Each structure stands twice: as structure tokens, then as C-alpha cells.
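Peer 1: Listed here are the chains, written in short residue letters.
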Amino acid sequence: MLTVALPKGRLQRPALERFARAGITPEEDLASTRRLIVPAGASARFVILKDSDVPLYVERGTADLGVCGLDQVLESAADLLAPVDFGFGNCRLCLAAPRGSKVAEEAAQDGLAAARPSLGVELGRSLRVATKYPRLSARWFGQRGVPVDLVHLSGSVELAAVCGLTDAIVDLVETGRTLEENGLVIAAELLAVSARLVVNRAAYRLKVEELLPLLEALG
Amino acid sequence: MPADGQQPAAPLPGTQDLLFEAARRLRRCEAALCRVFEAAHYAEVIPPAIESADVFGPEAFRALDRGGRLIALRADFTAQVARIAATRLSGMSPLRLYYRGSVVRRIAPDSGPVYERLQAGCELVGAAGPEADAEILSLASAAMSALGLRSARISLGTMGYFAALVQAAGASERLARALSDAVDRKDLPMLRSLCEREVADGPARKAILMLAQPPRPQTQAAQLLAQAESLAPSEEARAALQRIGATLRLARGDLEIDLGEVRGLGYYTGIVFNLYAPGSPRPVGGGGRYDSLLGRFGDPRPAVGFSLDLDALAPLLET
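Chains as they are written, first to last, in our numbering: chain A, 1 to 219; chain B, 1001 to 1319.
Pulled out of the complex, with its shape left as it was, chain A reads as follows:
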């Protein structure tokens, strides 16, 4: 019996389609049911949770495998296997700043993948950045030698830069419309994100007979 951690939200439908093609279909319509554990035949069941909680459930073995964005895999720093890139849920983790701001202009000169230690130096203090991804952000700025004051928010991250709480934000960008409507521009790209299959390390070894055919069908 395999337990699959499935995220609520935009990744759920495409993920379910892939599992259905691999022969695993939930016995109830996930869009209408309020149950959090949904059986899927004799060989599997789905547990439904927030995408940022998927890595933890899988790392601790409560779920054998799960679906979540690469951003969540890396931000959680969970000790997981990530053998399959589903190729859906594509977006980018970006640094964005108000259009016309010094930070936006400077970053644009350096190109999207780069940032110099002097980024935001005319502020005379550390660059203030709001994000839901403190770990990924700290690492990215750290590797580039940019001193940064990270503000950890849980939603509406764009607002921080618009209202002046911070100089810039690090957040997921799918189409760029939210940024545009709020007067922000992309200054750098931190990570290309897509939906990944994550697998518990011990389950991968101990349930290999059940897992391998599924991994092949999903990949």
C-alpha cells in the first residue's frame, strides 16, 4: 500500500491526471469531497495537504511519495529523493523590485542570473527583501555576497515592495501579471520551478517492488 501526498491548489489536477495514467485514481472526486484521506483502490491512497507540507510528510514517512513544486522541495531542505520532473506547474522564483527603482535598474544591467555584492549599495544599508522563501533567498544572496535583510511573509508578498516595507521581493512568477499590475519588474531569476515527484528514502528501498513500476509510469 502506497500513501501519496497530493497538494491542494493548482498542481492537484495535472498530478491526478498523471496518476490516473499510471492506473491510480481516487475513489472520490477530490474537488467535492471534504475527506483528507481518499482511497485509490487496493494499492494506494491519497492524503490531501498544503503543498508546502508535502516535503515534511514524505521525509517523515507518513506518505511514501508526494507531488510538490521544486521551490517547496528546496525551501523545506527536507531529505528526500526527487526522481521525476513532471514538467507541469512551470514558473520561476524571481527577485522583483518597483519599476524605476535603483535595485531594478542595477539588477537589469547585471543580467537575470547575476547579482553583484554592490546591489543596493546606495541604500547605505542591507537590501530589504520580503519573501515566503527565506532559506532559498538567503542562500542566493549569500552566494553572491549581497547583504540582505529578509522579511518572512506568508502571503501577498508583492505588497511589501509596493508599500515600502521592503526594497524588493522574492516570489514565484507564473505569468508576471500580478507583478505588472502592482508596478513591479523582474530583476533576477533565482530558480526555474516545476512540479516534482518526491519519494521517502526508506520507502524507495523497502517498497521498491511497488514503487518502481509506478515511477516508470509517472516519469
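Read the hints as simulated data drawn from the structure, not as lab findings.
Hints are not guaranteed to be accurate.
Just some of the chain B residues that point at chain A, by a computed CB distance under 10 Å [what the hints assert, rightly or not]:
{"#": "1", "residue": "ARG1153"}
{"#": "2", "residue": "ALA1182"}
{"#": "3", "residue": "ARG1185"}
{"#": "4", "residue": "LYS1186"}
{"#": "5", "residue": "PRO1189"}
{"#": "6", "residue": "ASP1258"}
{"#": "7", "residue": "PRO1281"}
All of these numbers come straight from a predicted model, not from anything done at the bench.
We put the CB at the ideal spot given by N, CA and C, even for glycine.
Once you've looked at the hints, dock chain B against the given chain A.
Peer 2: Frame of chain A; chain B shown alone:
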């Protein structure tokens, strides 16, 4: 007693009190393991809980003593046993030593909170051959059986092979780390993109891409090794594969071979393995060959060993 505004006293995060049945179970687990180790003619050593900090890596919890000397809480038994073997027991080969006790480490080197784990393990010092590797693997497997964990599995790989591939590919230290990380996470998409961007096409690249394959049962090991050998880009790579083949022919236990098993302590040079048991979401133990560690203490001798995670194992025991 909590004073005004103070929190009640509790164990630090990463540590715990074991009470009653949990304590009894842990001691029972430890005693069963010691019986197995003693029966295999391993002798116990009890190293101190604090050491000079240079015995351990950056994961150790460090402090300054009164003389300004950097000391550390024990972060790793193997390094301590290597120090003992290389100094007071220098020249006595082979040595069969076991230990039990707790290690204290930082979650990430040089940062994060510390945590404590209870361990027991064995080291075979002064034996270089595949027989020694097989003895350690068989002993680890016997330890699992003694605990009643009959479905436990050992996943066996070799550091030597990965090191040889990285060298043949001419990879920088940064690229080697990135490749190792992708192999360790079975992240074939990432491994492919790294190889396409940074490794020249050739046998080394083909061999590296094979590392993210799933593990194979022992019965298919010969086939996997032959396939890998046909791609081996260097003499070192071929030697590492032949060595693991020889070890597999000698070892007993439920083994599977995984050339992507590259996770282990930084000083491993030959075989490396992890143990998995149903009910534990993380490995319950692991080990490997470390032929250059004793040299750090002035007595270059080969050695191989393993340690078991008692905190992970004890809850799996039948009551």
C-alpha cells in the same frame, strides 16, 4: 522551578528524555547488539565524550576550554576509534572494536541547533581486502536479524567508483558536489541537465548518468556491474567495480546494489552502505571503508565499519 516569566525546564530541541518502556526498549536493543558484536569477537572501547575539536568535522558542537583550546563534544565514534587504533593500538592488526553511546552534532555544519543520537557500531581496523568488507556487511546484517528485523535491507555502493568517474570527467569540486547531490537524490532530471551543461560527452558522462538508476537486488548485481564496467572510463573506476563485485560474492544478508549510494561520512574511500528497516522513515544505520582516516593520526592503516542508530531502531523492536 520556573520563576516569573521563565519557561518551564524541558529538554533542548534535538534531545529527549527516554522514559520507562522506551528506555527499557533502548537498553534491550543495545544489549542485543552487544551480544552480536561480542560473539563476532569484537571488543568494546569507551572513548571520552569530549575530544580535541580537530578529531571531528565542522558538524561537531565546539567550545573553548579554560586554556583557550578548542574542544568538541563527540560527534562521531569512528574518528575516535581511529584515533585510539592509530595511537595506543598502533601496529596491532587486525583490530575488531565496538562502541556504544551518544553523538552530538549540529544539524548543518557550522550552523543550526544541535541534536543527540544514540549509536552502537563496529570497526575492523588493519584489514584491506574484500573479506573485511564482507565481514562488516555480514555483521551488520546479523545485527538486524538479532533485533528481529528480518525485512531489513542493506543498500551497497562504492565511493571509489563515484570518485573515479568525477575524476575522469575532470569535474571541479563545485561540479562534483552538485553531481553527488543529484545522484544522492536520484534526481535524474537535474543530473542530466548538469551533465549536458558541464560534462563532455563520453564514457564518463554515460557512466555518471547511470548512477541515478534504482537499486538492484543482489541477484542482478553481476549484470549491473558488467554493464557499468563496459562504460568504466578509467582503471580506477574498473577496480572499484571489481572490488564491489568481490565483496558481494562474499557477503551474507539481504543486500542490494546501488551505484548511486554516495551518501556517507566525508572520509569514506571504498564501499559505502546504508541500512533500511520497515517502520523507520530514515536509514537505521550505515557504514563504509575509510582507508585514509587513521593516517590523520599518524598510523596509515585501512579500516571499515558501521554504526547503527539506536533511536531509530529501538521503536521497531517487538515488545
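Peer 1: Hint by hint, note whether the structure agrees.
Peer 2: Results for each hint:
no.: 1; hint: ARG1153; result: holds, 5 Å
no.: 2; hint: ALA1182; result: holds, 9 Å
no.: 3; hint: ARG1185; result: holds, 5 Å
no.: 4; hint: LYS1186; result: holds, 4 Å
no.: 5; hint: PRO1189; result: holds, 4 Å
no.: 6; hint: ASP1258; result: holds, 8 Å
no.: 7; hint: PRO1281; result: holds, 3 Å
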